[in-house]
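Colleague: Listed here are the chains, written in short residue letters.
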Amino acid sequence: MEEQFAKLDIRKEENIVYKKTDLLVDRALSYCPGCGHGTAHRMLMEVLDEMDIQDKTIGVSPVGCSVLAYDFMNIDMLGAAHGRAPALATAIKRMWPDRFVFTYQGDGDLAAIGTAETIHACNRGENFVIIFINNGIYGMTGGQMAPTTLPNMRSSTSPYGRDVATMGHPLRMTELVAQLPGTYYVTRQAVHTPNHVRKTKKALRKAFENQKLNNGISFVEVVSNCNSGWKMTPVNSNKWMEDNMFPFYPLGDIKVDGKLVEKAEVTKKE
Amino acid sequence: MGELRLMKGNEAVAEAAIRAGCDGYFGYPITPQSEIMEYLMMEKPFERTGMVVLQAESEVASINMLYGGAGTGKMVMTSSSSPGISLMQEGISYMAGAELPCLLVNIVRGGPGLGTIQPSQADYFQSVKGGGHGDYKMIVLAPASVQEMSDFAKLGFELAFKYRTPVMILSDGAIGQMMEKVELFDPVPRRTEEELIRQCPWAATGKPKNRDHIIITSLDLDPAGQERVNLKLQAKYKVMEENEVRYELINCDDAEYLFIAFGLSARICQKSMDLARAKGIKVGLLRPISLFPFPVNPVATIAKKVKGILVVEMNAGQMIEDVRLSAGCSVKIEHYGRFGGIIPTPEEVVKALEQKIIGG
Amino acid sequence: MAKIKGDIVINVERCKGCEVCIAACPFTVIAMAKEVNGKGYRYAIKVNDECTGCTNCAIVCPDAVITVYRAKVTAE
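Protein chains in written order, with the working numbering: chain D, 225 to 494; chain G, 7 to 366; chain S, 48 to 123.
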């Protein structure tokens, strides 16, 4: 009888329980094999699809690995200069208050060159979503040190490991912006296991629903691997991320509905 | 007759922006132009027309706010002075590359570096020859009065959207601060969403089902594609050169000598012209109003008829290079200017004409 | 007698062989092919019929190459 079950063909339209959303352009992604960007893009597009706001969304892409995000996301988008996406988004949302506006940025974009734009958009309490992909390295330009590179972590510009005495400590932007009254929802997620992916999607959905409330910035950080920059296989890089990135960048909600979450929840690990 | 007011140059350009239907101003304070944003904040244009006014955290943020607004088809502007305009150069290059319209106002002050807060004309090269990286141009208008500060705001927006280009009003600290009579034009209502989408089908406003998604970018990693972008831009600039030259000729019919000057220097030269003519010197004035596109043909034509040209500009000699290129012939061309915020007197300009052009 | 049966279809030309799906599958349905696709990547393939259509693989795939089917089936 098992044999009979095994041979039954269920590949029919009505049996589809998961397929790629139409809000992802039908083309190959330019990201490295195993890179979290692809998964993050997909969760974002699924949220916009389910909320049926494709025609009301304007996105702003960064400079970095996801500089070509606008080629993959089937929505109207603007490619910003390095670090400046929150400035673009500020103007767009203020002049198009009924649109859903988001920025999608990497760690160099958001926490190095764009620090002022990030902090001030959060401080002003702008009403858009900031999506922050943190992989602790500069991928696109060849693996240089980022503001979020861990202590002692090797990169092409810290070949002997990040020396905090001369290079400073890594920056936890997410905790920083959570202190500002202008941020309404601040959370840190991951996309390397199915459970984490589902949680990230929930977080993104919450962020975009929040935009209807006009209560300030929803800031979603996604800690991701960068197997190319870290010089590992995708599966190994996800393990390394769990062992090294998550202790420094703990997952979970940091601020919900305008209130900081109690510390005990923040350090809970999956 | 439109509404008459006694206003500062800075105030006039701000009031004109509201009346022209501007959607958003994003700027940062710097002397001597902060009155532009101060006036806008006082006027509460959000209540008058729905225009957004936001003080940004820097000039860098300001120009990128313009990029965002312009990319969605909105009429946006900023203002700054020389060092702040330097900070905006990357953003201007991006907007030129992405073919986005905007209005920029530079109330030029003495430089280089932090310089001084008094007027100068030393940003000609920065505005007309680049400033930002890459092969691009923008339309540059040089007002010489508070009236023109108002008129060029409206004209500037029209040209910006006609050509999908940044447009700069290149003014200076004196014109920004001086008070003169202005006849203000009747307000034009801000565009509705439908009008905007009709006027700007290229803008990223939210993808409806009946078209592909729109991407606003200045990036094309395929060299052939990037070359096509550049060819398109160059073709556009040729059209601007053919159609948007603006200049003024005063007393040139019988002129044996010529002043060429823009903005504040042109006002000084007008007085110098009176003083010289009283002495029997037949001198005229060619005042370029558009610095890009430069009035190449008018300069070439008149250069053949006069015995000498004095280019008067408050810098070390910038527009004079374009005068020399345009004149092309062997007429004597010399520069006179002061730096660091010093404004030349009409008398010293006449003396320079006598010594450098007539005497020499 | 009814049971839940799942199936996956992998777009092998878009698969980059990252193997994250293999780690995500609870039933070892997926393994790497020995062959490579047009881009030179080894790609993921279904190696048995134990798929339940849980969608874990598809959810975690960075390149969205997996389509998942699930149906309640009865055998005659």
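No wet-lab data here; the hints were simulated from the structure. In this text the structure is predicted, and so the values were computed from the model without any measurement. Incorrect hints may have been included.
Here are the computed lysine-lysine pairs in the DSSO-like style, where the Cα-Cα straight-line distance is at most 27 Å [unchecked claim]: (1) G/K288 / G/K277; (2) G/K187 / G/K143; (3) D/K436 / G/K311; (4) D/K244 / S/K119; (5) D/K243 / D/K280; (6) D/K430 / D/K487; (7) D/K463 / S/K119; (8) G/K135 / G/K310; (9) G/K338 / G/K135; (10) S/K86 / D/K244; (11) D/K436 / G/K50; (12) G/K310 / G/K238; (13) D/K236 / D/K280; (14) D/K243 / S/K81; (15) D/K455 / S/K86; (16) D/K280 / G/K135; (17) D/K236 / S/K119; (18) G/K143 / G/K238; (19) S/K50 / D/K244; (20) S/K86 / D/K243; (21) G/K277 / G/K238; (22) D/K236 / S/K93; (23) D/K243 / G/K187; (24) S/K81 / D/K455; (25) D/K244 / G/K215; (26) D/K487 / D/K423; (27) S/K93 / D/K243; (28) D/K463 / D/K280; (29) S/K119 / D/K243; (30) S/K119 / D/K483; (31) G/K215 / G/K135; (32) S/K93 / D/K244.
Colleague: None of the hints should be skipped; say for each whether it holds.
Modeller: Do the hints match the structure? See the list:
no.: 1; hint: G/K288 / G/K277; verdict: holds, 13 Å
no.: 2; hint: G/K187 / G/K143; verdict: violated, 32 Å
no.: 3; hint: D/K436 / G/K311; verdict: violated, 68 Å
no.: 4; hint: D/K244 / S/K119; verdict: holds, 22 Å
no.: 5; hint: D/K243 / D/K280; verdict: holds, 23 Å
no.: 6; hint: D/K430 / D/K487; verdict: holds, 21 Å
no.: 7; hint: D/K463 / S/K119; verdict: violated, 35 Å
no.: 8; hint: G/K135 / G/K310; verdict: holds, 26 Å
no.: 9; hint: G/K338 / G/K135; verdict: holds, 24 Å
no.: 10; hint: S/K86 / D/K244; verdict: holds, 21 Å
no.: 11; hint: D/K436 / G/K50; verdict: holds, 25 Å
no.: 12; hint: G/K310 / G/K238; verdict: violated, 34 Å
no.: 13; hint: D/K236 / D/K280; verdict: violated, 32 Å
no.: 14; hint: D/K243 / S/K81; verdict: holds, 26 Å
no.: 15; hint: D/K455 / S/K86; verdict: holds, 21 Å
no.: 16; hint: D/K280 / G/K135; verdict: violated, 39 Å
no.: 17; hint: D/K236 / S/K119; verdict: holds, 13 Å
no.: 18; hint: G/K143 / G/K238; verdict: holds, 12 Å
no.: 19; hint: S/K50 / D/K244; verdict: holds, 26 Å
no.: 20; hint: S/K86 / D/K243; verdict: holds, 23 Å
no.: 21; hint: G/K277 / G/K238; verdict: violated, 43 Å
no.: 22; hint: D/K236 / S/K93; verdict: holds, 17 Å
no.: 23; hint: D/K243 / G/K187; verdict: violated, 67 Å
no.: 24; hint: S/K81 / D/K455; verdict: holds, 23 Å
no.: 25; hint: D/K244 / G/K215; verdict: holds, 18 Å
no.: 26; hint: D/K487 / D/K423; verdict: holds, 19 Å
no.: 27; hint: S/K93 / D/K243; verdict: holds, 17 Å
no.: 28; hint: D/K463 / D/K280; verdict: violated, 38 Å
no.: 29; hint: S/K119 / D/K243; verdict: holds, 19 Å
no.: 30; hint: S/K119 / D/K483; verdict: violated, 45 Å
no.: 31; hint: G/K215 / G/K135; verdict: violated, 42 Å
no.: 32; hint: S/K93 / D/K244; verdict: holds, 18 Å
In this structure, the hints that do not hold are numbers 2, 3, 7, 12, 13, 16, 21, 23, 28, 30 and 31, in rising order.
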